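S.K.: Sequence:
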Amino acid sequence: MINQSYYNELPIGRLSNAGVAMQRCVPVRGKMIVLIGALIYAYIYMLRIQPGAMLTELMEAYHLSVTELAQIVTVYLPIYLLLQLPAGILLDHYGCKKILIMSLCCCILGVTILNRGERTVFLLLGRIFIGMGSAAVFLAVLKLVSKNMNQRYFP
Numbered sequence: 001m002i003n004q005s006y007y008n009e010l011p012i013g014r015l016s017n018a019g020v021a022m023q024r025c026v027p028v029r030g031k032m033i034v035l036i037g038a039l040i041y042a043y044i045y046m047l048r049i050q051p052g053a054m055l056t057e058l059m060e061a062y063h064l065s066v067t068e069l070a071q072i073v074t075v076y077l078p079i080y081l082l083l084q085l086p087a088g089i090l091l092d093h094y095g096c097k098k099i100l101i102m103s104l105c106c107c108i109l110g111v112t113i114l115n116r117g118e119r120t121v122f123l124l125l126g127r128i129f130i131g132m133g134s135a136a137v138f139l140a141v142l143k144l145v146s147k148n149m150n151q152r153y154f155p
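The numbering used here numbers the first residue of the sequence shown as 1 and each following residue consecutively.
Hint data in this document are derived by calculation from the structure and do not stem from the laboratory.
Computed from a predicted model, the values in this text were never measured in an experiment.
Check before you lean on any hint, since a few could be wrong.
[Claimed, not checked] Simulated restraints on C-beta separations: (1) ALA70 x MET32: 16 to 24 Å; (2) ILE89 x MET46: 22 to 30 Å; (3) GLN71 x LYS98: 13 to 21 Å.
[Unchecked claim] Calculated cross-link-like contacts (lysine to aspartate or glutamate; reagent style DMTMM-like; alpha-carbon spacing at most 25 Å): (4) LYS147 x ASP92; (5) LYS143 x ASP92; (6) LYS31 x ASP92.
We treat Cβ as the ideally placed atom computed from N, Cα and C, and that holds for glycine.
Input sequences plus hints: build the corresponding full structure.
M.R.: Written as structure tokens, this is what we have:
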């Protein structure tokens with residue numbers, strides 16, 4: 001039977017084989033956490049650029065004027081900007097996991113409203129929810145990287 005308390009007391013430079021195996025698990029776990037955060041950010045990024053990729057399709061499907069389409073595309077940005085500071089405060093208070101889940105739920109609600117909406121008001125409301133949900137994601141991913149990765153990856 002191996003005494004686990006012995007390995008806990010060893011300095012980092014003198015780890016045995018069991019200690020090296022335990023040391024390797026932490027970076028893999030950290031990389032997986034950061035990978036999940038990066039995938040969430042990639043999803044949010046696609047939601048951000050989505051209307052720009054299908055301008056003509058949106059205009060034809062919803063019978064929008066250029067002004068209405070510009071409002072739908074740009075309503076995201078002020079919401080995203082105004083919620084950066086509160087998102088950082090909430091992130092420090094509640095942690096990355098809860099904030100990322102709430103952000104994803106908010107974005108999914110926004111996408112659902114966008115898909116079900118038939119009028120311009122619903123399109124605007126959907127983009128507002130997407131902006132609210134995506135405000136904290138980049139900050140949360142940065143916090144995940146700083147906590148779970150080695151300092152040489154995040155100076």
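S.K.: Quick one: which hint numbers does this structure break? Sort them smallest to largest.
M.R.: Violated hints (numbers, rising): 1, 3; every other hint is consistent with the structure.
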